[in-house]
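Peer 1: One line per chain: the protein sequences are A and B, in this order.
Mapping the first sequence onto my numbering, position 5 (from 1) lands on 5, and the numbers just tick up by one.
Mapping the second sequence onto my numbering, position 105 (from 1) lands on 105, and the numbers just tick up by one.
Honestly, the hints are just simulated from the structure, not real lab data.
The structure displayed is predicted, hence computed values, not measured ones.
Treat each hint with caution, since some may be false.
What the hints assert, rightly or not - Straight-line distance between alpha carbons at most 25 Å, and here's what the computed BS3-like set of lysine-lysine pairs gives:
1) Lys240/B x Lys335/B
2) Lys225/B x Lys335/B
3) Lys240/B x Lys67/A
4) Lys240/B x Lys152/A
5) Lys168/B x Lys237/B
6) Lys67/A x Lys152/A
Said to hold, decoys possible - Derived coverage of chain B by chain A (criterion: at least 3 residues anywhere in the stretch with Cβ under 8 Å from a Cβ of chain A; other residues may be distant):
7) 9-21
8) 56-68
9) 78-85
10) 393-401
Where a beta carbon is used, it is the ideal one built from N, C-alpha and C, also for glycine.
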Amino acid sequence: MANEPETPRAGEGLDPERRRFMARLSIALSAVAAAIVGIPVIGFILGPLIAPEPDVWRAVGPVDKFKPGETVSVSFLDPSPMAWAGVTAMTAAWLRRRESGDFVAFAVNCAHLGCPVRWLPQAGLFMCPCHGGVYYADGSVAAGPPPRGLFKYPVRVRDGQVEILASAVPIE
Amino acid sequence: MIRRIFRAAVDAFEERTGLIKFFNDVMKHPVPPNTGWLYVFGSAVLVAFMMQVVTGIALATRYVASSGSAYQVLEFITYKAVLGNFLRGMHFFGASAMILLVGIHMIQVFLMGCYKYPREFNWVSGVCLLFITIAMGFSGQLLRWDQTAVWATVLAAEMIGRTPLIGKYLARFLLGGNTLGGATLSRFFAFHVFFLPATIFALVALHLYLVIHDGISAPPVPGEKVNPKTYHADYEKLLKEHGVPFWPDAAWRDVVVAVGVVLTIAGLAYFVGPPALGQPPNPSLVANDPRPDWYMLWYFAVLALLPRGMESVFMIAAPLSAIVFLLLVPVLWNKGERHPSRRPWAVAAVLMIVLSIVGFWIEGSISPWSPNFDAQPLSASMVGTNSPPIVVGAQLFHDKGCEFCHTIDGRGGMRGPDLTEVAHRLTVDDLRIKIANGGGNMPSFASVLTREELDDLVSFLESRVTLPQPHPPTARGADAPAFAGAAPSRKLPAHEPLAQAGRASDF
Numbered sequence: 001m002a003n004e005p006e007t008p009r010a011g012e013g014l015d016p017e018r019r020r021f022m023a024r025l026s027i028a029l030s031a032v033a034a035a036i037v038g039i040p041v042i043g044f045i046l047g048p049l050i051a052p053e054p055d056v057w058r059a060v061g062p063v064d065k066f067k068p069g070e071t072v073s074v075s076f077l078d079p080s081p082m083a084w085a086g087v088t089a090m091t092a093a094w095l096r097r098r099e100s101g102d103f104v105a106f107a108v109n110c111a112h113l114g115c116p117v118r119w120l121p122q123a124g125l126f127m128c129p130c131h132g133g134v135y136y137a138d139g140s141v142a143a144g145p146p147p148r149g150l151f152k153y154p155v156r157v158r159d160g161q162v163e164i165l166a167s168a169v170p171i172e
Numbered sequence: 001m002i003r004r005i006f007r008a009a010v011d012a013f014e015e016r017t018g019l020i021k022f023f024n025d026v027m028k029h030p031v032p033p034n035t036g037w038l039y040v041f042g043s044a045v046l047v048a049f050m051m052q053v054v055t056g057i058a059l060a061t062r063y064v065a066s067s068g069s070a071y072q073v074l075e076f077i078t079y080k081a082v083l084g085n086f087l088r089g090m091h092f093f094g095a096s097a098m099i100l101l102v103g104i105h106m107i108q109v110f111l112m113g114c115y116k117y118p119r120e121f122n123w124v125s126g127v128c129l130l131f132i133t134i135a136m137g138f139s140g141q142l143l144r145w146d147q148t149a150v151w152a153t154v155l156a157a158e159m160i161g162r163t164p165l166i167g168k169y170l171a172r173f174l175l176g177g178n179t180l181g182g183a184t185l186s187r188f189f190a191f192h193v194f195f196l197p198a199t200i201f202a203l204v205a206l207h208l209y210l211v212i213h214d215g216i217s218a219p220p221v222p223g224e225k226v227n228p229k230t231y232h233a234d235y236e237k238l239l240k241e242h243g244v245p246f247w248p249d250a251a252w253r254d255v256v257v258a259v260g261v262v263l264t265i266a267g268l269a270y271f272v273g274p275p276a277l278g279q280p281p282n283p284s285l286v287a288n289d290p291r292p293d294w295y296m297l298w299y300f301a302v303l304a305l306l307p308r309g310m311e312s313v314f315m316i317a318a319p320l321s322a323i324v325f326l327l328l329v330p331v332l333w334n335k336g337e338r339h340p341s342r343r344p345w346a347v348a349a350v351l352m353i354v355l356s357i358v359g360f361w362i363e364g365s366i367s368p369w370s371p372n373f374d375a376q377p378l379s380a381s382m383v384g385t386n387s388p389p390i391v392v393g394a395q396l397f398h399d400k401g402c403e404f405c406h407t408i409d410g411r412g413g414m415r416g417p418d419l420t421e422v423a424h425r426l427t428v429d430d431l432r433i434k435i436a437n438g439g440g441n442m443p444s445f446a447s448v449l450t451r452e453e454l455d456d457l458v459s460f461l462e463s464r465v466t467l468p469q470p471h472p473p474t475a476r477g478a479d480a481p482a483f484a485g486a487a488p489s490r491k492l493p494a495h496e497p498l499a500q501a502g503r504a505s506d507f
């Protein structure tokens, strides 16, 4: 009888040292379990930050389609279209063929808060409907709250096609 | 017999759960007397939230959180689904009611000093609920997934993108990538339907627990100051001597207001209906005029009216300051007077904030800073003459975009000053200089106007005060554009623009 292990009686429980250890062990094990679930979840949600999509050149039409001196709206797929994105995979730019023959492409997003600017050909101005930002034909600020001129996309001509580097929504 | 079985079942349930006693204790806990009608707004918010949960679950049974399909689903819910239009209306006006009632509840709590000791943490949980409610409203507007939703998303990304150092990462997180697209809507859907409501449920539970734990604050009395050392003894004495059970003595008013909230929301949903769907969510369509829902319109106006260069600081600092200030309110002023008549600064602060928001809201609903792209050329009767320079000038006034920003005889935009009588304010030379050089929030037109065009434009502006008042367009065809009607067709000179010809400085 004397050699039998002592079993704690009701109300006694573990000794304080062992109780502290068991409490810490329980908390640590819970933290491990939470991390096993939480880290992949957070990683999945933050995926766009961890693996951003690269920019892509998009053809917007043959060179001859664009008349010198004219500014037109061109639509193209964004750099990372998803199969279920539908029309939201489209984006746009204001493309101008200069008299010299080269091209310049402005983002349609106002540099103030991203609203879509419109080109008024006779006035030679871009105007924003949201907060009244106005830009000259070269994209520089003419009036209103924009802190800088319109963003520009790189443009190139390949195999007779005008190509725009489709990139992220311009944010600065 | 049946009664006995039922009774036995209830007793067995109660023995094993204790829920009936718990519920009774909560419902009949003593509250201070004479709480009155000002204490109903908290429960009104809760009712609005429950309506949002119920109508939201119903809408979610049809909604498809796919960027490519959501708009068509919204069309289906609005125009074809049984009671879909009504349910959308309930959800929209429920959201509006929730935001409005949260604001009123907060003002009532602040003005009556209910946030003071020992209810500081309940105020903090309420502040969190306020901002999450606004986030719910905004994310809900985006789930409409029309053009306005698309551009509101871009706007939100641009705003959050101004955060120093991590702005671009935050914007990318919000959009679900570099651009708006397939990942964006499902992200907002997850936030709107799972994450934010779960947070609201948790905070509402905490909020209600603290209401029970700390008790409903007694109506404030002038001169009766909150003293943390004696508060609990005083409060318990009040409840012991004059307390009344929450149900039904105080709760009946909550029920009346709750039914009023439900009826109002249902009535608005039936008679007014949900906001109309805009154009399909195609980010390449630039002919858009995005506007936020009504409760964010005041902030939309603030962003337009900020001094240039300040918005980056304001967009980040202002919301952060508002959050910090609201969280600090119970820390800074947790004792002393509660009655608004003894707290004039508190009343003044609320008045200032409410009047500012109303003022900005009115301004936002007018949006005078936005160009009026729909402005039509002035009619022949408005031009009032066949004189070639004036008629040509009137047409130029429209074609060159002047009319988008300036009004003539009530037609045009409001971004710049009304030019109907500008000739009384500026000389011919002043007008030429102003048009050619711009300045004062007006672009320079030197590069797009020839000297002759500038002369015609100035002639037109001058004629507004020299000609007789225009006839009202009553005669048939009198409202036709001046340039397309009986006006002589003087061909516009094909000269070089002023700037190219080096003439801008002449003016």
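Peer 1: Confirm or reject each hint.
Peer 2: Verification of the supplied hints:
About 23 Å separates the Cα atoms of Lys240/B and Lys335/B, which keeps this hinted pair within 25 Å; it holds. Taken as a hint, the Lys225/B and Lys335/B pair is honoured in the structure, with Cα atoms around 7 Å apart against an allowance of 25 Å. For the hint linking Lys240/B to Lys67/A, the alpha-carbon distance of about 87 Å lies beyond 25 Å, and the restraint is violated. Taking the CA atoms of Lys240/B and Lys152/A, the gap is near 73 Å; set against the 25 Å cutoff, the hint is violated.
The hinted pair formed by Lys168/B and Lys237/B fails the criterion: a straight-line CA distance of about 57 Å is larger than 25 Å. This hinted pair checks out: Lys67/A and Lys152/A have alpha carbons roughly 19 Å apart, not beyond 25 Å. By the rule of at least three residues with a Cβ nearer than 8 Å to a Cβ of chain A, the coverage given for the segment 9-21 of chain B is violated, with 0 such residues. For the segment 56-68 of chain B, the proposed coverage by chain A is satisfied: 3 residues have a C-beta within less than 8 Å of a C-beta in that chain, meeting the threshold of three.
By the rule of at least three residues with a Cβ nearer than 8 Å to a Cβ of chain A, the coverage given for the segment 78-85 of chain B is violated, with 0 such residues. For the segment 393-401 of chain B, the assignment as covered by chain A holds, since 3 residues bring a beta-carbon within under 8 Å of that chain's beta-carbons and 3 suffice.
Consistency note: the structure conflicts with the earlier hints numbered 3, 4, 5, 7 and 9.
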